[in-house]
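So the sequences go chain by chain: F and P. Oh and the first sequence: position 134 is 134 in UniProt numbering, straight run, nothing missing. Oh and the second sequence: position 267 is 267 in UniProt numbering, straight run, nothing missing.
Derived from the structure by calculation, the hints contain no laboratory data. Note that the structure is predicted; figures quoted are calculated from it, not measured. Just so you know, even glycine gets a beta-carbon here, dropped at the ideal spot from N, CA and C. It is possible that part of the hints are untrue.
Unchecked claim - Straight-line alpha carbon distances no greater than 20 Å define the calculated EDC-like cross-link-like pairs of lysine to aspartate or glutamate that follow:
(1) P:Lys174 - P:Glu215
(2) P:Lys162 - F:Glu124
(3) F:Lys88 - P:Glu219
(4) P:Lys162 - F:Asp208
(5) P:Lys174 - P:Asp185
(6) F:Lys88 - F:Asp242
(7) P:Lys47 - P:Asp80
(8) P:Lys174 - P:Asp200
(9) F:Lys115 - P:Asp127
(10) P:Lys162 - F:Glu113
(11) P:Lys182 - P:Asp159
(12) P:Lys216 - F:Asp125
(13) F:Lys88 - F:Glu177
(14) P:Lys47 - P:Asp127
(15) P:Lys182 - P:Glu219
(16) F:Lys115 - P:Glu202
(17) P:Lys216 - F:Asp66
(18) P:Lys216 - F:Glu81
(19) P:Lys162 - F:Asp125
(20) F:Lys88 - P:Glu122
(21) P:Lys162 - F:Asp242
(22) P:Lys162 - F:Glu85
(23) P:Lys27 - P:Glu86
(24) F:Lys115 - F:Glu207
(25) P:Lys32 - P:Glu122
(26) P:Lys162 - F:Asp63
(27) P:Lys47 - P:Glu74
(28) P:Lys216 - P:Asp185
(29) F:Lys88 - F:Glu207
(30) P:Lys162 - F:Asp66
(31) F:Lys115 - P:Asp111
To be verified - Sample of chain F residues lacking proximity to chain P, with all beta carbon distances greater than 12 Å (derived):
(32) Asn77
(33) Glu81
(34) Arg89
(35) Pro112
(36) Ala118
(37) Asn128
(38) His143
(39) Leu159
(40) Glu174
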Amino acid sequence: MKMSKAYKANIWERKLLDDQTFPGDWSLLPLLLLVSDLLLCQSVASLPICPTGAVNCQVSLRDLFDRAVILSHYIHNLSSEMFNEFDKRYAQGRGFITKAINSCHTSSLSTPEDKEQAQQIHHEDLLNLILRVLRSWNDPLYHLVTEVRGMQEAPDSILSRAIEIEEQNRRLLEGMEKIVGQVHPGVRENEVYSVWSGLPSLQMADEDTRLFAFYNLLHCLRRDSHKIDNYLKLLKCRIVYDSNC
Amino acid sequence: MSFIRTIPDLLTSCFAISVYSADPSGKPQFTKCRSPELETFSCHWTKGVHHGVKNPGSIQLFYIRRSTQEWTQEWKECPDYVSAGENSCYFNSSYTSIWIPYCIKLTSNGDTVDQKCFSVEEIVQPDPPIGLNWTLLNISLTGIHADIQVRWEPPPNADVQKGWIVLEYELQYKEVNESQWKMMDPVLSTSVPVYSLRLDKEYEVRVRSRQRNSEKYGEFSEVLYVALPQMSPFACEEDFQFPWFLIIIFGIFGLTMILFLFIFSKQQRIKMLILPPVPVPKIKGIDPDLLKEGKLEEVNTILAIHDNYKPEFYNDDSWVEFIELDIDDPDEKTEGSDTDRLLSNDREKSLNILGAKDDDSGRTSCYEPDILETDFNASDVCDGTSEVAQPQRLKGEVDLLCLDQKNQSNSPSTDTAPTTQQPGVILAKENKPRPLLISGTESTHQAAHPQLSNPSSLANIDFYAQVSDITPAGSVVLSPGQKNKAGIAPCDMPPEVVSLCQANFIMDNAYFCEADAKKCITVAPHVEAESRVEPSFNQEDIYITTESLTTVAGQPGTAERAPSSEMPVPDYTSIHIVQSPRGLVLNATALPLPDKEFLSSCGYVSTDQLNKILP
């Protein structure tokens, strides 16, 4: 409770700066929005859409968050499906259940692990954490696409989803940077992220080892996408709707 | 270091999060682990069936979770065996970490009987929504249907307000006495309209929820009873159903009418499309009806002149195909006719032909239908007087002729005997009726007689040029008798005489006047009777005038004189083929009619004129 009060005080102190303009790339999000609406059955109220190349386009924070949440939800859906597909196709009977052992490369980032911790953390820090996690996944996603392409009999469903996730992740990163620019302008932290070193294991000659490395990576991806989705929904309710979704 | 021991255990026997294996052995095992709100979770198990063991022993649950790259050292025991009910373990929020792998194991008397690994975000199954209610939206104009809005509250323990968990809901409804629930699509909001409920029915509604992105639904809420207001008595009894049936019927009817109209208007064209007319075989320039019904002369005439006239019977009808007669082929011409060969300069060849077995050249058909009837020797191949038979007949005739010559003393009368009705070539001895294309009668008899006086004079005997065949080259093939006269050298023929005349008469255009023929004759005045007419006639033209034959035949004696003046041979030849510039030279003296017309061009007689003459 205390924390929430303090948080509230904080948030009212700040001034929301004027909305920034959008790059043309980010304005392609409306198309994704439509797709997401179909997927998620979310009745999003008519969002103002910035035409490509518009200079003085103003998008409110609410819209930014709405779009970010849609993106993160989409990414989590894709990664869940991808993991299930991979598990069904390659991991059956191989004893990959030992995922309890696996560790994700983003575990080093100290992210909140339950609701209390998430509520206690400052939203700026949480935003930064989200950014760090997203950045940490840039490299693994890129290599995932490459390696899945090179896989023997790479199923098209997995490959297409990997490609989609990689692209959406980049977009979400851009969106988050915009949000951060709006919510916490000024000081820009150094680009911190955790390095992924799992590429050699993805390229192992031994098929079992290689498949396990894939399994591990996809499992971590599913978990991290759920984490980000949760954080963003929490932040949206907190920032935009004042904890009253 | 106990985790090192435990890890192999995990490696070997850890269960997948989604696998709830049913172990029939009766041991205690996990049934379900569940987190309703992503803040706590609980696990349930079954005690199992124990055979004959009174006290199964204490069952314990141990858990272990990994935190920050390292496993906790120890398996910890379940913090709460009570709150979640019997045979369960409840982990409150302090023990719950999201996105962290957990492993739990069940032990009975210290022995591990079951193990499971999972993460908390994977086992979320929310509680059912609460507070269902409905409101009437509207009633249809017919008073039969109504729409309602159903509302509910999210489960209380799910922190939806703060956005920690996002739920979606699924509503199901059915009529009270139905058994099958109707499902609606999942919605994110906590109220949803239900359309088209009948006013005279009662409905049941229930809702369940699940975390978005998950697959598993929570339990169903309590059932909500919807009792709609009663139908007003003024309501319509029956629903309006779109008259699909009528529309279909009328549509088919209209289409059928249009189709029939189309067919009737384009009847002819459709008929042409479906059944294209098969072209009847036709020879260009020749009327098929004439072939069927016309007289022989007309047919032959037309066949002869088709090359020249080619009447435009069917030229503009593209459907009609014509059989093209190839009459200008020189190869065929040379091969086609025995007469040619007989008349050829190659005397020896012709001799050989006569003596030799006949070859197949020029053999077109064995039958000339309806026209010719002959009896031949059994040795003859064909029944008709075709070229095929001719060589054989020639042979026979030649022999006979020779015989005749040899047996001059034999009764000449016999020569003429059979030829009363059909004067023809010799072979009188054999009593062969000579098939003739025409039959000239009366004069023949007389004509034959003086001719026959000299049996050796073959020319005298033969009064008629029987056109027995038409070669593809277009020449007229005369009967063997004529041929004999024309150029055969059967018995003994003075070759010199022949060659002399040959030289004179080798020309392409081979119709002769008497005068020309006489020249040939005069050259060899002393040619014996058996001398034949030299093959002076160019083989290209195989028509021979009777007159020429008679004159050329080399009668040293009688018939040679002044053929125009006297009438030793009242013979006539019907012309079946008139070919310009060729033609048959008639012996005009034999004809009863004034002959000026005929002598106009050296004996060239047209068909019309001939028809006038003949009966």
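Comparing the hints with the structure gives:
no. : hint                : verdict
1   : P:Lys174 - P:Glu215 : violated, 24 Å
2   : P:Lys162 - F:Glu124 : holds, 17 Å
3   : F:Lys88 - P:Glu219  : violated, 27 Å
4   : P:Lys162 - F:Asp208 : violated, 43 Å
5   : P:Lys174 - P:Asp185 : holds, 15 Å
6   : F:Lys88 - F:Asp242  : violated, 42 Å
7   : P:Lys47 - P:Asp80   : holds, 17 Å
8   : P:Lys174 - P:Asp200 : holds, 14 Å
9   : F:Lys115 - P:Asp127 : holds, 18 Å
10  : P:Lys162 - F:Glu113 : holds, 16 Å
11  : P:Lys182 - P:Asp159 : violated, 29 Å
12  : P:Lys216 - F:Asp125 : violated, 33 Å
13  : F:Lys88 - F:Glu177  : violated, 36 Å
14  : P:Lys47 - P:Asp127  : violated, 25 Å
15  : P:Lys182 - P:Glu219 : holds, 17 Å
16  : F:Lys115 - P:Glu202 : violated, 43 Å
17  : P:Lys216 - F:Asp66  : violated, 25 Å
18  : P:Lys216 - F:Glu81  : holds, 14 Å
19  : P:Lys162 - F:Asp125 : holds, 18 Å
20  : F:Lys88 - P:Glu122  : holds, 17 Å
21  : P:Lys162 - F:Asp242 : holds, 8 Å
22  : P:Lys162 - F:Glu85  : violated, 32 Å
23  : P:Lys27 - P:Glu86   : holds, 16 Å
24  : F:Lys115 - F:Glu207 : violated, 39 Å
25  : P:Lys32 - P:Glu122  : holds, 12 Å
26  : P:Lys162 - F:Asp63  : holds, 18 Å
27  : P:Lys47 - P:Glu74   : violated, 25 Å
28  : P:Lys216 - P:Asp185 : holds, 15 Å
29  : F:Lys88 - F:Glu207  : holds, 17 Å
30  : P:Lys162 - F:Asp66  : holds, 15 Å
31  : F:Lys115 - P:Asp111 : violated, 35 Å
32  : Asn77               : violated, 6 Å
33  : Glu81               : violated, 10 Å
34  : Arg89               : holds, 15 Å
35  : Pro112              : violated, 9 Å
36  : Ala118              : violated, 7 Å
37  : Asn128              : holds, 18 Å
38  : His143              : holds, 22 Å
39  : Leu159              : holds, 22 Å
40  : Glu174              : holds, 22 Å
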